[in-house]
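J.: Residue numbers (our numbering), protein chains in the order written: chain W, 6 to 337; chain U, 6 to 337; chain D, 4 to 219; chain G, 4 to 219.
If you're looking for bench data, these hints aren't it; they were derived computationally from the structure.
Keep in mind that the hints are not guaranteed to be accurate.
A partial selection of chain W residues facing chain U, derived with a Cβ cut-off under 10 Å [as the list claims (entries may be wrong)]:
1) 146
2) 297
3) 334
Even for Gly, the Cβ is constructed at its ideal location relative to N, Cα and C.
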Amino acid sequence: MKKLINKPEDVLADALKGVSEAHPELRVDHQHRVIYRAQPKDHGKVALISGGGSGHEPLHGGFVGVGMLDAACCGEVFTSPTPDQMVEATTVVDQGAGVLHIVKNYTGDVMNFEMAGEMAAADSGVRVETVVTDDDVAVQDSTWTAGRRGVGVTVLLEKIVGAAAEEGRDLDAVLDLSKRINAQGRSMGMALTSCTVPAAGKPTFDLPEDQMEMGVGIHGEPGRKRVPLAGAAEIAEQLVDPILSDLDFQGGPSIVMLSGLGGTPLIELYLLYGEVAVLLEKAGVQVARTLVGDYITSLDMAGASVTVLKADDEILRLWDAPVKTAGLRWGL
Amino acid sequence: MKKLINKPEDVLADALKGVSEAHPELRVDHQHRVIYRAQPKDHGKVALISGGGSGHEPLHGGFVGVGMLDAACCGEVFTSPTPDQMVEATTVVDQGAGVLHIVKNYTGDVMNFEMAGEMAAADSGVRVETVVTDDDVAVQDSTWTAGRRGVGVTVLLEKIVGAAAEEGRDLDAVLDLSKRINAQGRSMGMALTSCTVPAAGKPTFDLPEDQMEMGVGIHGEPGRKRVPLAGAAEIAEQLVDPILSDLDFQGGPSIVMLSGLGGTPLIELYLLYGEVAVLLEKAGVQVARTLVGDYITSLDMAGASVTVLKADDEILRLWDAPVKTAGLRWGL
Amino acid sequence: MTESVSVATLVDWLSSFRDAVHEQGTYLTELDSAIGDADHGANLIRGMDAVMGAVAGEVSTVGSAGDLLKKVGMTLVTSVGGASGPLYGTFFLRAATATGDATSLDAAAVLAMLRAGLEGIVARGKAEAGDKTMYDALAPGLDAFASALESGRDVLGAAEAAADAAADGRDATEPLIALKGRASYLGERSVGHIDPGAASSALLLRALADALAAAG
Amino acid sequence: MTESVSVATLVDWLSSFRDAVHEQGTYLTELDSAIGDADHGANLIRGMDAVMGAVAGEVSTVGSAGDLLKKVGMTLVTSVGGASGPLYGTFFLRAATATGDATSLDAAAVLAMLRAGLEGIVARGKAEAGDKTMYDALAPGLDAFASALESGRDVLGAAEAAADAAADGRDATEPLIALKGRASYLGERSVGHIDPGAASSALLLRALADALAAAG
Ligand SMILES: Nc1ncnc2c1ncn2[C@@H]1O[C@H](COP(=O)(O)OP(=O)(O)O)[C@@H](O)[C@H]1O
Ligand SMILES: Nc1ncnc2c1ncn2[C@@H]1O[C@H](COP(=O)(O)OP(=O)(O)O)[C@@H](O)[C@H]1O
Ligand SMILES: [Mg+2]
Ligand SMILES: [Mg+2]
Ligand SMILES: [Mg+2]
Ligand SMILES: [Mg+2]
Chain W
6 MKKLINKPED
16 VLADALKGVS
26 EAHPELRVDH
36 QHRVIYRAQP
46 KDHGKVALIS
56 GGGSGHEPLH
66 GGFVGVGMLD
76 AACCGEVFTS
86 PTPDQMVEAT
96 TVVDQGAGVL
106 HIVKNYTGDV
116 MNFEMAGEMA
126 AADSGVRVET
136 VVTDDDVAVQ
146 DSTWTAGRRG
156 VGVTVLLEKI
166 VGAAAEEGRD
176 LDAVLDLSKR
186 INAQGRSMGM
196 ALTSCTVPAA
206 GKPTFDLPED
216 QMEMGVGIHG
226 EPGRKRVPLA
236 GAAEIAEQLV
246 DPILSDLDFQ
256 GGPSIVMLSG
266 LGGTPLIELY
276 LLYGEVAVLL
286 EKAGVQVART
296 LVGDYITSLD
306 MAGASVTVLK
316 ADDEILRLWD
326 APVKTAGLRW
336 GL
Chain U
6 MKKLINKPED
16 VLADALKGVS
26 EAHPELRVDH
36 QHRVIYRAQP
46 KDHGKVALIS
56 GGGSGHEPLH
66 GGFVGVGMLD
76 AACCGEVFTS
86 PTPDQMVEAT
96 TVVDQGAGVL
106 HIVKNYTGDV
116 MNFEMAGEMA
126 AADSGVRVET
136 VVTDDDVAVQ
146 DSTWTAGRRG
156 VGVTVLLEKI
166 VGAAAEEGRD
176 LDAVLDLSKR
186 INAQGRSMGM
196 ALTSCTVPAA
206 GKPTFDLPED
216 QMEMGVGIHG
226 EPGRKRVPLA
236 GAAEIAEQLV
246 DPILSDLDFQ
256 GGPSIVMLSG
266 LGGTPLIELY
276 LLYGEVAVLL
286 EKAGVQVART
296 LVGDYITSLD
306 MAGASVTVLK
316 ADDEILRLWD
326 APVKTAGLRW
336 GL
Chain D
4 MTESVSVATL
14 VDWLSSFRDA
24 VHEQGTYLTE
34 LDSAIGDADH
44 GANLIRGMDA
54 VMGAVAGEVS
64 TVGSAGDLLK
74 KVGMTLVTSV
84 GGASGPLYGT
94 FFLRAATATG
104 DATSLDAAAV
114 LAMLRAGLEG
124 IVARGKAEAG
134 DKTMYDALAP
144 GLDAFASALE
154 SGRDVLGAAE
164 AAADAAADGR
174 DATEPLIALK
184 GRASYLGERS
194 VGHIDPGAAS
204 SALLLRALAD
214 ALAAAG
Chain G
4 MTESVSVATL
14 VDWLSSFRDA
24 VHEQGTYLTE
34 LDSAIGDADH
44 GANLIRGMDA
54 VMGAVAGEVS
64 TVGSAGDLLK
74 KVGMTLVTSV
84 GGASGPLYGT
94 FFLRAATATG
104 DATSLDAAAV
114 LAMLRAGLEG
124 IVARGKAEAG
134 DKTMYDALAP
144 GLDAFASALE
154 SGRDVLGAAE
164 AAADAAADGR
174 DATEPLIALK
184 GRASYLGERS
194 VGHIDPGAAS
204 SALLLRALAD
214 ALAAAG
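Using the sequences provided together with the hints, build the complete structure.
T.: As structure tokens, then:
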């Protein structure tokens with residue numbers, strides 16, 4: 006295993022040191038492993054908390070700041086944070102207007118946030134609402150299973166709903182909007198290589214030179230199927246088709262994100278986006294805003310995911326609103 | 006070779022398609038392979054042009070926009086662009102105030118920009134000045150060799166000098182500042198893996214699991230020496246020590262960039278930055294601004310480089326000035 | 004073999020489970036690599052190391068079984084994360100409620116403790132038989148424990164039967180399609196692999212038998 | 004073998020060089036992988052394909068040698084980039100100036116053409132003997148060309164001597180420490196590898212000999 010780390014068990018603690026050194030505009034609670042804005046708004050804003058396993062950077066710590074999150078709870082690599090972290094963060098950020106927990110749909114994340122919500126309500130009486138994102142079309146949905154994974158839409162949701170909270174909307178409105186954003190977004194990912202979890206010390210799976218994994222999430226899991234390696238145009242099709250056949254994006258503007266999975270350089274992401282844009286145009290999807298880069302990653306996995314969000318004028322306005330975070334910044 | 010590409014020979018053309026689709030605020034001349042601001046300033050600003058081989062994204066195309074470059078000339082992967090591209094860009098961006106060419110010190114880049122300067126002067130009479138960056142302490146300097154490579158300082162220079170040009174300084178002042186920035190910056194890089202040039206189809210070099218390359222540049226070349234793989238703390242030392250022993254950074258603020266080389270995820274970059282920060286602090290370097298992420302890359306190489314720039318109040322003010330590019334953005 | 008299980012023996016159980024997850028950590032992570040995210044071993048090692056740190060003084064201060072198990076549950080909840088943290092955490096928290104103030108447990112109390120724990124896992128995770136989770140090792144394990152007691156075996160014999168049945172349950176997860184947890188994202192591709200949580204649960208029951216045998 | 008080299012033969016030279024860089028492209032890139040950036044093969048393939056596209060009509064329209072070589076030089080300058088683009092480009096631009104309006108070249112004119120080209124490379128790149136660059140193949144090649152003419156051999160014989168000497172010069176770059184170009188960044192580590200530009204330059208002179216032989 007080749008990584009810029011010290012000991013595998015110290016990866017999270019050490020990385021958080023770097024975050025606090027690099028970002029004076031953030032405050033890192035190293036004991037609870039929570040990243041806060043150094044200068045929280047001082048009254049009445051609905052607070053947004055997200056969190057999850059580490060290894061998906063900039064998600065979520067890189068999205069803490071004006072116009073997005075108030076706090077991010079950092080779990081061990083690929084492991085949901087624990088309820089006490091969330092309870093601590095919830096108590097710290099609440100300004101009386103309540104707290105929205107933004108949770109990606111994974112059994113672990115959902116259960117830990119659930120316990121945190123129960124504990125926070127019992128301990129402090131803070132009103133906590135939760136939105137669970139589940140936008141990954143690679144996963145067959147069914148009431149009998151764990152449902153779809155929460156992936157790329159989480160990034161767009163944190164930006165858009167963060168702007169709404171910054172404007173002063175109340176918790177019901179914020180919750181409502183967040184559920185609508187999740188319902189209107191779809192994602193699909195693919196991998197050229199596995200990633201290596203530091204504590205495991207070797208790649209999670211082997212992938213021959215002539216194969217790729219379609220329908221991967223962000224935890225280095227194998228995808229829905231292993232298929233022959235293809236060119237970017239063909240890969241774009243395999244990513245875009247399942248998204249478009251799952252939801253109708255006609256008749257309004259869309260926001261599109263193409264995120265790298267951590268090990269793929271920007272030149273390839275732009276190249277793939279060129280192919281994605283052609284397909285979206287052909288299908289009549291009107292792309293109003295675009296994000297290309299590493300936004301929701303899976304350690305050092307090579308590959309990419311596409312997220313399409315059905316927007317409207319209001320959503321675009323919130324998207325364009327100023328944001329000042331380590332991972333997404335404009336207007337400030 | 007596993008890459009999100011179509012044919013190796015089309016990588017640059019295809020990637021530029023994605024850039025123009027993703028960035029309506031940029032105008033891409035696909036014939037000349039030049040990236041421009043879609044809305045150039047309309048009078049009297051000194052124009053900044055940079056360029057170089059592709060595969061270093063976001064450098065340089067990702068730094069075109071308000072507060073940084075006016076145009077970027079894109080060469081083939083790891084291959085300097087050709088003089089005709091630079092002549093075209095120079096002619097297009099000149100607004101009568103002259104043009105600064107920002108060139109990284111590589112024989113190919115220097116010669117091609119030199120020819121372009123000769124041709125532009127002869128053809129159009131545009132006044133062209135050139136700054137050549139050469140900040141890589143890994144390379145022994147000597148009048149008998151090609152000198153040091155231009156690496157990370159180029160990013161900082163494009164930002165700071167871009168702000169100065171945006172303020173309306175004349176070409177002499179802009180040239181002067183750019184030379185000062187280059188003189189005050191030092192960089193050092195290391196690689197955990199090779200990268201794969203698409204046309205070559207396989208890794209440029211083999212690096213055993215227990216070895217790393219110290220003193221690499223950004224073209225997938227082997228470094229100055231191959232050393233045993235080490236932890237992040239030890240790697241930070243091997244990067245920071247040669248920088249600090251090459252230039253005295255005491256007695257004023259510094260700007261520090263830790264850039265990934267393309268294949269290393271953000272969590273590792275932050276982790277390494279934590280170790281770098283400790284060493285800089287110990288050495289009495291006062292870090293005033295920090296940039297951690299992929300800014301100057303080497304395709305899919307895993308590794309990182311550190312750049313330290315000796316600043317002052319004026320430089321920090323220019324650093325903080327608004328910038329709106331795909332790769333670096335604040336205040337706008 | 005005495006029929007009464009002391010708090011010290013419960014600590015031995017935990018210690019034995021800690022040793023087992025250290026020994027089998029790589030194996031658990033390999034199982035999780037195939038159908039999950041390659042962290043189950045690291046998660047349980049982190050959790051059981053934290054548990055043994057937290058209960059270090061417990062035996063000498065002679066707290067109740069409930070106090071011990073509650074501390075174990077809270078420590079797992081706050082140190083593991085992921086799916087297994089809340090699940091194993093809830094197991095011990097519910098087990099604590101079942102044992103309450105008792106400082107020694109007879110065989111029936113041990114069964115009640117385990118059953119309360121499993122009910123906690125079901126309440127938290129909604130798993131059913133055949134979903135390819137830790138439930139599929141624990142449930143047959145507990146059934147075997149109960150049957151063994153009914154047929155007159157002592158607590159050690161029951162625990163041994165439970166460990167054997169849990170191991171069988173673990174192996175029986177191999178051909179299943181996962182319907183819960185992150186293995187479910189793989190659909191058909193989850194077939195042919197043992198569930199990592201079932202494997203760790205089988206270790207948990209084996210550790211109980213080992214601790215009882217040693218106490219014997 | 005006629006002593007006069009036609010423009011058509013010069014086109015054959017270019018065509019033969021194009022074929023050579025296609026055949027040896029992987030080898031050139033491998034050399035460049037060891038001490039450079041793994042693109043020398045791709046650079047020359049792109050450049051010579053562009054050249055052959057640009058001069059396609061040249062033979063039938065019977066332009067001068069100068070016109071042809073200028074077009075070659077400009078095409079290389081505008082299609083190759085990197086270090087080799089300006090260097091080979093300047094080689095042909097200077098060669099064009101040397102041949103001027105001529106539509107056929109005698110042996111001395113061929114030597115003058117090559118010498119002008121090499122001077123262009125030196126003017127552009129400042130390489131000296133032993134810097135481990137294309138100079139180290141071209142310079143001994145041209146010296147051998149001159150000596151062969153002096154000792155009475157014809158232009159084909161001279162070109163063959165040049166190709167042989169250039170190949171020797173190429174091989175002699177192996178033990179050198181690079182002082183120019185990106186191989187110089189490697190310092191001592193550049194020792195033990197043949198310079199890629201020296202290898203392509205040896206192909207350029209071999210291609211000339213081949214074209215002359217075919218014309219013979
Ligand atoms: N809903 C559930 N009910 C019971 N057990 C579950 C459930 N979801 C997951 N598990 C168990 O958790 C195990 C995975 O634990 P672990 O790898 O530590 O967490 P994560 O899946 O979050 O990475 C699975 O092998 C399975 O046995
Ligand atoms: N200053 C120079 N003078 C002469 N030849 C040079 C000089 N610098 C580099 N070269 C030649 O250029 C070759 C490399 O060409 P190429 O790989 O196409 O360009 P780049 O180094 O820009 O990638 C070297 O092998 C060397 O022979
Ligand atoms: Mg996990
Ligand atoms: Mg090159
Ligand atoms: Mg797991
Ligand atoms: Mg090269």
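J.: Should the interface hint for residue 297 of chain W be scored as holding, given a Cβ-Cβ cut-off of 10 Å against chain U?
T.: holds (5 Å)
J.: Given residue 146 of chain W was flagged as interface, is its beta-carbon under 10 Å from a beta-carbon of chain U?
T.: The hint is violated - residue 146 of chain W has no Cβ within 10 Å of chain U, the shortest such distance being about 28 Å.
J.: Would the stated hint for residue 334 of chain W survive a check requiring a Cβ distance to chain U of less than 10 Å?
T.: This interface hint holds because 6 Å falls under the 10 Å limit.
The structure shown violates just one earlier hint, number 1.
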